[in-house]
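**Q** Sequence:
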Amino acid sequence: MNVTEPMFLALTALVDGPLHGYGIVQEVERISGGRVQLKIGSLYGVLDRLAAQGLIALDREEVRQGRLRRYYRLTDEGATVLREEAARLAANAEAANSRLRARPAGGLAIRIAGTPHLGGAG
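Quick note on UniProt numbering: the sequence shown kicks off at 1 and runs consecutively.
Source of the hints: derived by calculation from the structure; they are not laboratory data.
Among the clues, some could well be false.
What the hints assert, rightly or not - For lysine to any residue, the following SDA-like pairs were computed, each having C-alpha atoms within a straight-line distance of at most 25 angstroms: (1) LYS39 with ALA86; (2) LYS39 with GLY17; (3) LYS39 with PRO6; (4) LYS39 with GLU29; (5) LYS39 with VAL63; (6) LYS39 with GLY54; (7) LYS39 with GLU62.
Note that this is a predicted model, so its numbers are computed, not measured.
Could you build all of it, start to finish, from the sequences and the hints given here?
**A** Now the structure itself:
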């Protein structure tokens with residue numbers, strides 16, 4: 001299953017319990033350290049995809065100050081997908097960190113055939 005970053009963060013936002021749309025937006029911003037700021041319009045596209053895949057479900061609706069608020073919750077399947085995606089991302093991050101730790105301090109000198117080496121004649 002292809003989980004985009006906004007989908008991953010929206011699922012993560014719902015781990016602690018149901019939230020309404022604006023609550024999800026705020027939680028995604030907090031989780032990402034302000035790096036990801038979902039717009040309400042794009043949020044509902046993300047929520048529609050997550051709901052269509054059975055990863056979230058409508059928890060309840062209520063009217064607040066004359067406006068309808070829909071609260072969404074993480075499903076068991078959504079928690080499983082989130083757990084798997086978090087493990088996949090952690091493994092990828094570890095692979096990248098391992099390679100970076102093994103990298104020579106000055107970086108690798110790359111020499112293209114037919115070009116002189118910067119340190120002298122090639």
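**Q** Would you mind confirming whether the straight-line C-alpha gap from LYS39 to GLU29 stays at or under 25 angstroms?
**A** holds (11 angstroms)
**Q** For the pair we were handed, LYS39 and VAL63, check the Cα-Cα distance against 25 angstroms.
**A** holds (22 angstroms)
**Q** When you check the alpha-carbon spacing of LYS39 and PRO6, does it fall within 25 angstroms?
**A** Since the Cα atoms of LYS39 and PRO6 sit roughly 11 angstroms apart, the hinted pair holds (cutoff 25 angstroms).
**Q** So if I understand the rule, the pair passes when the alpha-carbon distance is 25 angstroms or less; does LYS39 with ALA86 pass?
**A** holds (23 angstroms)
**Q** Given the hint that LYS39 pairs with GLY17, does the C-alpha gap stay at or below 25 angstroms?
**A** holds (21 angstroms)
**Q** Compare the distance between the alpha carbons of LYS39 and GLY54 with 25 angstroms, and conclude whether the hinted pair is satisfied.
**A** Holds - the C-alpha atoms of GLY54 and LYS39 are around 22 angstroms apart, at most 25 angstroms.
**Q** Decide if the proposed pair is consistent with the structure: LYS39 and GLU62, CA atoms, cutoff 25 angstroms inclusive.
**A** Cα-Cα ~22 angstroms, so holds.
When the structure is compared with the earlier hints, no violation turns up for any of them.
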